[in-house]
Amino acid sequence: MPVDEKIKLQKIDEYRWRIPREGKMRTDGIIYSEESMLPDVRKDQSLVQVANVAWLPGIVGHSLAMPDIHWGYGFPIGGVAAFDMNEGVISPGGVGYDINCGVRLMRSGLSRMDIQGKVKELVEVLFANIPSGVGSHRKDLKLNREEERRVLKKGARWAVEKGFGTSEDLAHIEEQGCIEGGDPERVSERAMERGRAQLGTLGSGNHFVEVGYVAEIFDESVARALGLWKDQVTVIVHTGSRGLGHQVCDDYIRVMMDAARKYQIELPDPQLCCSPVSSPEGRQYFEAMACAANFAFANRQMITHWVRETFERVFHKGPRDLKLDLIYDVCHNIAKIESHTVNGKTKKVCVHRKGATRSFPPEHPDIPQEYRSIGQPVLIPGDMGRCSYVLVGTKKAMEETFGSTCHGAGRVMSRHQAIKAAKGRAVARELEDKGIIVKGASQGTIAEEIPEAYKDVTNVVNVVHHAGISLKVVKLVPMGVIKG
Amino acid sequence: MRRFEILDHTADIGLIVYGESLQALFENAGEAFFHLITDLKKVRSRIERRIEIRKESLERLMVDWLTELLYLHEVESLLFKKFKVESVGEDGLRARVKGEPFQEGMHVIKTGVKAVTYHQIEVRKEKEGWRARIIFDL
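The listed protein sequences correspond, in order, to chains W and S. With the first letter of the first sequence counted as 1, position 377 gets the number 376 in numbering that gives the first Met the number 0; the numbers rise by one all the way through. With the first letter of the second sequence counted as 1, position 62 gets the number 61 in numbering that gives the first Met the number 0; the numbers rise by one all the way through.
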């Protein structure tokens, strides 16, 4: 891809850069990044994408990009854009193929010393209990069309009703694990079939379940409020809506390609296809997207239950001793209808977060009671073999980014380049030498996910921390990972 | 004639596919797609499926064709090795594909594919035949 030098960037401060509005842009672009990271950002055309999003009608505020920005379909990954409910648009490209790809974090009553000698066994049993590869599924899970419709309407609530986890978990999920308004009628038969085949599976690529521990604490009192302590064992689950979400996105990209023409929306890139939020097409996409999001919430809830069962089996302890409690679960590919203050007035907007996480401040009514004094937990998974972070949301995020922040590390190397770079290296062995045990269902996966293939998540997290849109609490380091 | 090559892409993966005829182009695209997913040497042609797609532009037809194959792969755990396109054009596509269900221990999965995208999609006639470009979301 050509190096993108044409986009002008003006420095606002150390961590904020502006793409000044020009041509058909309706607003400026604002990138959260740091000088040393900009060359990589320029390399893959993602700045052009930030500028392109600014063309879309009804955009409120700026076209935003988080420090993990990289190229995506239409909207960049790491992009945030809010639209007026009447004048603005909704776009499947602003959400992504993997609707509600997201992440949840569990803490435990165990320390890393408690599990030291058993990580290999833990990884094997997790791999056996949590389906991830092609054709794998739990034999104890049977889903017919009617039941699937309930999953799509109720999300994680459905899972809890079926015995996966407890209602206590629901309070610790974004939207309590269910986006209201999901209408299964808006989901195609194709998507339903892909969903039935894949509910309760991890999926491949960058999806994983990771057992790690709290390696560093940046804010003692906030860590305490989250129930986190040094050397504590934690579990991260990272997965999305599987084939159902991908199909919903695919279906509605087609709908929106026609809709954009119908509503005469000028697009600099056909992949920004969209429809007015208030149009029938816009509403239908939202209703289908909500279904896919709920599917993902249910999926993460089920996997959580199997994680707990695995720990119980491997350590011969019950839930009261294991204390595998859900800290929080966040989406990072989603469109939400939220109230924000724009030019001094409160209004509802449609916020697209594609590869971006909600980062709500202390006192916000949409976050769990027990976090109101500290802000919403923000979970930033690192890539395989590197660390992850827990942060909390801030008032500054509400003021500047519609309550949003980064989602993780973006790729800098293609999979092909990564495989080449990994040639001759026993990547799993390298990780094992670092004390990290990895088990994956697909062959390519481990080589593709070598640490060098990604931006350093630490750099990404430091930008959002210094910019003040979310603040670091702890750093987690992996011990064992399973991947699809 | 070279049938396909893999396109490097930061976040995902792409294919450039060639074919002497439009039919061959679509057949080669099917094979290239499964080449990304698995080691085709280990797949046998035991099961057949018929695929029919209604008329669309050639680009949309290519995306639909590969999406149909992806759907069968996901929902029935099938891996396809042989592709026979009976007819393809602005009137749609009719094809028969052969392969077998995925078997743990026998087959290898190289990568999962989330979606066939419209990004930079291209199906065009060249001097010596046809050429297509497709980018996949991984």
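For the record, the hints were derived by calculation from the structure and aren't laboratory data. Possibly wrong hints are sitting among the right ones.
Stated by the list, open to error - So the derived list for chain S, only partly shown, Cβ under 8 Å to chain W, looks like this:
1) L71
2) E73
3) S86
4) G88
5) K113
Said to hold, decoys possible - Pair by pair, the computed Cβ-Cβ distance ranges are:
6) S:R49 / W:S278: 33 to 39 Å
7) S:P100 / W:I11: 54 to 60 Å
8) W:P19 / S:R48: 51 to 57 Å
9) W:R25 / S:E19: 46 to 52 Å
10) W:K322 / S:R93: 29 to 35 Å
11) W:E429 / S:G104: 22 to 28 Å
12) W:Q115 / S:P100: 39 to 45 Å
13) W:E13 / S:E19: 28 to 34 Å
14) W:A127 / S:E121: 39 to 45 Å
All C-beta atoms, glycine included, are put in the ideal place defined by N, C-alpha and C.
We went through each hint and held it up to the structure:
Among the interface hints, the one on L71 of chain S is violated; its C-beta lies about 10 Å from the nearest C-beta in chain W, farther than the 8 Å criterion. Residue-level restraint check for E73 of chain S holds (minimum Cβ-Cβ distance to chain W is 5 Å; threshold 8 Å). The closest approach between the C-beta of S86 of chain S and any C-beta of chain W is roughly 23 Å, which is over the 8 Å cut-off, so the hint fails. For G88 of chain S, the interface hint is violated, the least distance from its beta-carbon to any beta-carbon of chain W being 20 Å, above 8 Å.
A distance limit of 8 Å between C-beta atoms decides the matter here; for K113 of chain S the minimum to chain W is near 5 Å, and the interface restraint holds. For R49 of chain S paired with S278 of chain W, a C-beta distance near 37 Å keeps the hint of 33 to 39 Å intact. Take P100 of chain S and I11 of chain W: their Cβ atoms lie about 56 Å apart, and the range 54 to 60 Å holds. Evaluation of the 51 to 57 Å hint for P19 of chain W and R48 of chain S yields a pass: the beta carbon distance comes to about 54 Å.
Between R25 of chain W and E19 of chain S the beta carbons are some 48 Å apart, a value that agrees with the proposed interval 46 to 52 Å. In this structure, K322 of chain W and R93 of chain S break the distance hint of 29 to 35 Å, their C-beta atoms being roughly 59 Å apart. With their beta carbons about 26 Å apart, E429 of chain W and G104 of chain S fall inside the hinted range of 22 to 28 Å. Between Q115 of chain W and P100 of chain S the beta carbons are some 40 Å apart, a value that agrees with the proposed interval 39 to 45 Å.
As the Cβ distance of E13 of chain W to E19 of chain S is approximately 57 Å, the hint placing it in 28 to 34 Å is violated. Between A127 of chain W and E121 of chain S the beta carbons are some 43 Å apart, a value that agrees with the proposed interval 39 to 45 Å.
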